[in-house]
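J.: Letter by letter, the chains look like this.
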Amino acid sequence: MKTCNLCAGLAAALLLTSCASTQPAAGGSELVVFAAASLNGTFTELGKEFEASHAGTTVKFSFDGSSALVDQLKQGAPADVFASADRSNMDKAVAAGVITGAPEQFTSNVLTIIVPTGNPAAITGLDDSLTGKKLVVCANGVPCGSATVKLAEALGVTLSPVSEETKVTDVRTKVESGQADAGIVYVTDAKASADLVESIPIQGADKARNDYLIGVAKDAKQAALAAEFIALVKGSRGQEVLKAAGFGE
Amino acid sequence: MIRPALPRWLAVPATAAAVFLAVPLLAMLVRVPWGRVPALLSTPAAVDALWLSLRTCTLTVVVSLVLGLPLALVLSRTRGRWAAWGRVLATVPMVLPPVVAGLALLVALSRRSWLGGWLASIGIDLAFTTAAVVIAQTFVAMPYLVVSVEGALRSAHDEHAVIAATLGASPSVVLRRVTLPLIAPAVASGAALAFARALGEFGATLTFAGSLQGTTRTLPLEIYLQRELDTDTAIALSVVLIAVAALLVAITARLSRGAVTSADGAAA
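Protein sequences appear in the order of chains A and B. Under this note's numbering, the residue at position 83 of the first sequence is numbered 83, and the numbers go up by one with no gaps. Under this note's numbering, the residue at position 103 of the second sequence is numbered 103, and the numbers go up by one with no gaps.
Hints are not guaranteed to be accurate.
[Claimed, not checked] Simulated DEER-style distance windows between Cβ atoms: (1) G80(B) with L159(A): 26 to 36 Å; (2) P38(B) with G156(A): 37 to 47 Å; (3) D125(B) with K74(A): 39 to 49 Å; (4) G118(A) with R154(B): 49 to 59 Å.
Honestly, the hints are just simulated from the structure, not real lab data. By construction, the Cβ of each residue, glycine as well, lies at the ideal position given by its N, Cα and C atoms.
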């Protein structure tokens, strides 16, 4: 769930800071990255590599929902880099004047169907096999829910979910526990719980592709390091890590 | 009754405590977009959430009375180790973190558990239904009624019941005509507390029942969703929740004061 995501984020952040404090703080520069919760695993990994290649630099992450991060940036939270899980939240950040220059797209994410292991309800896709079955989706308005609505419209299907969750992780846990027969989540979420769920790819899923954008924060204290971190994310190593987690499929 | 004066320095931490508790609530009241409140609260989503909450909380209180009242009566007359265990069991849900309560219900009643599977085999499917909301709310709210009533029963004076029994009244008559009227204020305040707790129930509902407008998305779940979509709506709905909760707590305080005075009167 959300709290666990937060816990993991906090734990990662704490771990990073505590590791850092044991190292000699020669030059001791600190890069603060605000990133969408779905980037938790990949960015934590890239952050460690960045620290390894930049002696004396520590990378601190704050993982949360993109809209929550935009709110924090607007209220003056200190950040050097902001990575959003969708275009509209990055647009909001740009409109609020908290981003320097033009943000760049660095990856994307598409939706997939997940079912409990063994697919007890015999779901075959976004089709008649869902009739009368317990389908759980994200609520319209939150990024994954908006993508779901967009995809359903593009494919001309009508969904009748039994629950519309606020967080994509709540969709995941309901399928993992077998409460729901099927759920619609991002490919990366499906990969993250691959031992508890099976995924059924949606034909035409790229009709609702979610773009991930990254930019340097307006009040960045480490603008040069921020640019280098973005280069790492956009470079071949960053793309490799993201791809392994299911991004950009 | 004359009471010795308190040391004056207590006023400092006491004021700090009062300010600490009041500031977040006042900050929220200041932040409310009062002009837009009627519009924000009359959207179909808000109205559905409000009605669903009132309906499920009322049902929760009814279930809590029907089942919790007998439990409180039995516990109040039981002595020894079993009673102690029973009391712990009856109160643990009060202090469980909300998500833990939800997980516990999920493990016990999900479609994959033996109990949930058995229910499904006789045609009862609780997943994602309003009934699941009531179950989640009852699980966390009934203990408030049990604790409140049991406390009153333990401190109540038994003479009337003893006299009634001596005069030949059957146990059921004693219960109905003597015991229940005696503890009525405690029952009412326990019911109000249970209602307030059910109204605020969030974690267990989210984990166990899901979130669908008009079916399972109660007021707290709607606030949780609106927090992501529109902060103003979330705040307007929160104020409704605070107002109802404050009203219920005030009623409870009034009732328990009444109970204390009548008990004092009886003792005198």
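J.: Next, verify each hint and record whether it holds.
T.: Evaluation of the provided hints:
For G80(B) paired with L159(A), a C-beta distance near 56 Å fails the hint of 26 to 36 Å. For the pair P38(B) and G156(A), the beta carbons lie near 38 Å from each other, so the given range of 37 to 47 Å is met. Taking 39 to 49 Å as the suggested C-beta distance range, the pair D125(B) and K74(A) conforms, at roughly 45 Å. A hinted range of 49 to 59 Å holds for the C-beta pair G118(A) and R154(B), which are about 52 Å apart.
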